[in-house]
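A.B. asks: Spelled out from the first residue to the last, the chains are:
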Amino acid sequence: MNGYLLQMTNVSKTFPGVKALDDVKLEIRKGEVHALIGENGAGKSTLIKILAGIYKPDPGAKFSFEGKEAEIQKPIDATLKGISIIYQDLSLFPNLSVAENIYIGRDSNKKPWKKVSWAAMEEKAKKALKELGVEIDVHTPVEKLSIAQQQLIEIARALAFDSKLIVMDEPTSSLSAGEVEKLYKVINDLKNRGISIIFVSHKLKELFTVSDRFTILRDGKYVGTYDTEELSEDKLIQLMVGRQVLYEKNKEKIKTGKTLLEVKGLSKEGNFKDISFELKEGEVLGITGLVGSGRTELAQAIFGVNRPYDGELKINGETVVIKSSEDAVKKGVAYVPESRKTQGLVLRQSIINNISLPVLKQLRNKFKLVDRKKEVQLAKHYVETLDVRPALPERAAGDLSGGNQQKVVIGKWLSTKPKILIIDEPTNGIDIGAKSEIHKLMRKLASEGMGIIVISSELPEVLAVSDRILIMRHGRIAGEIGIGEATQENIMNYALLGPKAEGLYQEEAPA
Amino acid sequence: MNSILKSKEISIAMIVALLSILLTFLSPVFLTADNLLDVIKGNAVLGILAIGMTMVIITGGIDVSVAAVTSAVCVILGKIMVAMPDSPISIVLLFLIGPLLGIALGAINGVLVAKIQIPAIVVTLGMMSIINGLVLYITNGQYLNSSSFPSVFLKFSSFEVFGVSIVILMFIAVALFTWYLLKYTLIGREVMAIGGNKDSAVRVGINFDKVQIFVFSYMGFLAGIAAIAQTAYTKAVDPNGMLGLELMVIAAVVLGGANIMGGRGTIMGTILGVLLLGIVQNGLILARIDTFWQKVFTGIIILLAVSYDHIQYKRSQEKLSKIEVEA
Ligand SMILES: Nc1ncnc2c1ncn2[C@@H]1O[C@H](COP(=O)(O)OP(=O)(O)OP(=O)(O)O)[C@@H](O)[C@H]1O
Ligand SMILES: [Mg+2]
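Chains A and B are the protein sequences, given in the same order. Here this note's numbering is used: position 148 in the first sequence is 148, and no number is missing along the way. Here this note's numbering is used: position 89 in the second sequence is 89, and no number is missing along the way.
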């Protein structure tokens, strides 16, 4: 053996019309944490699916595992070798118990009438959970668990399979800060036991914390593999994007106009309490706080899909009642949800159809039929503005990479030309280059008179786009900071400690 | 998972119990062993088919050709029986030929759904139409009655254990076997898994096509068994006797708590669903209410039960998204 657990060389993958991977190489050492990084659509997920036996690579690809040449044709081939994959969108069965979810797949190559031993299954599951140090009843159906718990179930599954290699595709995108810490600990434990880990993420900070080495992909091509010590954040970004990207605190002077939205004393049992704020024309209001502080619930209430609640909403000075999402759109409010898979897109339909969906009525010609030309034009416009890649509007939304799907969701809501735009985690899963594009776009929309509410857990992002920042904690507004005084520290203080944080934080020299 | 009755099944069982109490007051005949056995016997064919349908629906599929397939097997078995010797071997042959025919027809459905990826509703609608047409062509819509069957079959039909008819025994056997299959075999768990999340299933290496073909073939297998039960029950073959039965079958499964989108469903629930439909029907007969009201009542019960279920589900989802708000 040459010290490598896994070697994949000459890996290419052609989809109709796109070369997703072009002669890529990936070499993983035993017991290392290996970051796989690249922009949206660089081919990370595709490479992983090939490793998993879900996609077949183009001819010519060579794999070796534990020093021996290996073939991976079907998912079970990977499983039997000890390769476990934790996908971006998880692969759990909501209707089955924790025990079954952990055990499943182990027997896929056995005879169909093989007897399933529930006792053995539960035993194994309990053991795997114990190794992870989690306490979850193995009889619980997985649909009853939080996302973080579900992720742990996936890791437990990998452990129960005696995996030698665990791949995690953006494991932290739906975890809160505390849960992320726990995950790091788990990863460290796994590493100490000699298990190798491939870690895919767009969060550079976290990659530097956990990884030993980096492999970088750009546009489906192999850029290189580096030790963490050789890299700095700047260098990494440059390798990834091929240019320099800066991410700075927003310093723009804004001209705000009249008040667009007034929220007065909004409360909903079990969601949020006593929320009041205003949003003006031309202003970007950041709302932050820990995951689970009620931000999304609040946004959905304003958008009319989380009802009923107490309190009052005023748009343009008039009291309004928003009863549904259509109602909201009619009143000029748009909401880009955080979960693109479940709330945003019709995955089987083309990008065009997705973007035009909320505005089909406006696109009708004089026969009251949808004018296809206008529809295509509209879609092209947003594909360009948002830099959706590949820029092929005919393509099914489901065939896009995760980050590019998010861009289409944003385009879809922009097409309604809202006066008030609420964006929930706008750049979750979006690479750093596209992120700053989206930030610029939000600034531009605001300068054209839109009022924007950005909900985000990423503090640099909040600082980069907002004019004013509200911090939520346990369903209440814990504090408000103007962009001039805002720092990551004082925002975190409010988020963690609440209103009593006032005066606690240390003022930093403005960035 | 350990408790045999889950909360949903308990609520259906409660409805069955309440209805039974009500009927006991309305008619003294209801709560007699004879009447109850009659209810079960009269719905055994429905039950056997509903058990197969539970599997199909758990995977997120549907099979509207069940009644047609059962009729077809009935007609063919009827034709064969006329020529059969009057010996026990004939019964064995029936139990070979019937299920095999059913499996063959079911497998065609399965292959079309899995390999050519035509939606199940379209495939099975087509199958239903073809079979119904052929059955009419072959039989001219004519009845085949007991006088042409070998007497060993008539003996088989009236076989009883402690007063429990062979038809009911067949239903019980099918239920037990399928329950075991679903809970304790690999293929059974794969059926549940596919219904839960198809993408995940493929990722953990479950052969999606294989499971789909299995499910439709198994449905066909049970249609074959149901055909024997039906012939034994009516001691005749009526080519039109089961028109529209597929709707009752699907209704029983849905009443039993299965989710038409897949992922949820139990044998126990389906049995309760069948009983519920049977008891309503029986009650209406005992109360001398016109038969066409039965359909109306059945429909209302289905809508109520499913709405209730859906509201419960939404509630439980809402609870999940609760946040601790500071007072
Ligand atoms: N099933 C498919 N059919 C056609 N094209 C596809 C398919 N899956 C992926 N692609 C294309 O292959 C390229 C690589 O996509 P991939 O999902 O691997 O990117 P990624 O690096 O994981 O991006 P992200 O960070 O956004 O998740 C993209 O251009 C994508 O549009
Ligand atoms: Mg990806």
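Think of the hints as simulated: they come from the structure by calculation, not from any bench. Glycine is no exception: its CB is placed at the ideal position from the N, C-alpha and C atoms. It is possible that some hints are incorrect.
[To be verified] Chain B is nowhere near these chain A residues, computed Cβ spacing over 10 Å in every case:
| id | residue |
| --- | --- |
| 1 | E69 |
| 2 | D89 |
| 3 | S91 |
| 4 | E100 |
| 5 | G105 |
| 6 | E181 |
[What the hints assert, rightly or not] Which bits of chain B does chain A cover? Going by a derived footprint, with three or more residues having C-beta under 8 Å, they are:
| id | segment |
| --- | --- |
| 7 | 64–77 |
| 8 | 179–190 |
[As the list claims (entries may be wrong)] Straight-line distance between alpha carbons at most 25 Å, and here's what the computed PhoX-like set of lysine-lysine pairs gives:
| id | chain 1 | residue 1 | chain 2 | residue 2 |
| --- | --- | --- | --- | --- |
| 9 | A | K111 | B | K8 |
| 10 | A | K56 | B | K115 |
| 11 | B | K155 | A | K56 |
| 12 | A | K127 | A | K114 |
| 13 | A | K330 | A | K366 |
| 14 | A | K74 | B | K155 |
| 15 | A | K144 | B | K210 |
A.B. asks: Now look at each hint and say whether the structure bears it out.
C.D. replies: Against the structure, the hints come out as follows:
1. At roughly 21 Å from the closest C-beta of chain B, the C-beta of E69 of chain A stays outside 10 Å, upholding its exclusion from the interface.
2. Here D89 of chain A does not stay apart from chain B, with its beta-carbon only about 8 Å from theirs, under the 10 Å limit.
3. With a least beta-carbon separation of about 4 Å from chain B, S91 of chain A fails to lie farther than 10 Å from that chain, contradicting its non-interface assignment.
4. Remark: the non-interface label on E100 of chain A conflicts with the geometry, its nearest Cβ contact in chain B lying 7 Å away (cut-off 10 Å).
5. At roughly 3 Å, the least C-beta separation between G105 of chain A and chain B is not larger than 10 Å, which violates its mark as non-interface.
6. No Cβ of chain B approaches the Cβ of E181 of chain A within 10 Å, the least distance being about 20 Å, so the stated non-interface status holds.
7. Counting residues of the segment 64–77 of chain B whose beta carbon lies closer than 8 Å to any beta carbon of chain A gives 0, which falls below the threshold of three, so the coverage claim is violated.
8. With 8 residues bearing a CB less than 8 Å from a CB of chain A, the segment 179–190 of chain B meets the requirement of three and the coverage assertion stands.
9. About 32 Å separates the Cα atoms of K111 of chain A and K8 of chain B, which puts this hinted pair outside 25 Å; it is violated.
10. Between the alpha carbons of K56 of chain A and K115 of chain B the distance comes to roughly 19 Å, so the proposed pair stays at or under 25 Å and holds.
11. Taking the CA atoms of K155 of chain B and K56 of chain A, the gap is about 60 Å. The hint is violated against a cut of 25 Å.
12. A hinted pair counts as satisfied when its Cα atoms are at most 25 Å apart, and K127 of chain A with K114 of chain A qualifies at roughly 23 Å.
13. Using a Cα cut-off of 25 Å, the hinted pair K330 of chain A and K366 of chain A holds, with the two alpha carbons roughly 22 Å apart.
14. Using a Cα cut-off of 25 Å, the hinted pair K74 of chain A and K155 of chain B is violated, with the two alpha carbons roughly 53 Å apart.
15. Taking the CA atoms of K144 of chain A and K210 of chain B, the gap is near 29 Å; set against the 25 Å cutoff, the hint is violated.
The earlier numbered hints that this structure contradicts are 2, 3, 4, 5, 7, 9, 11, 14 and 15.
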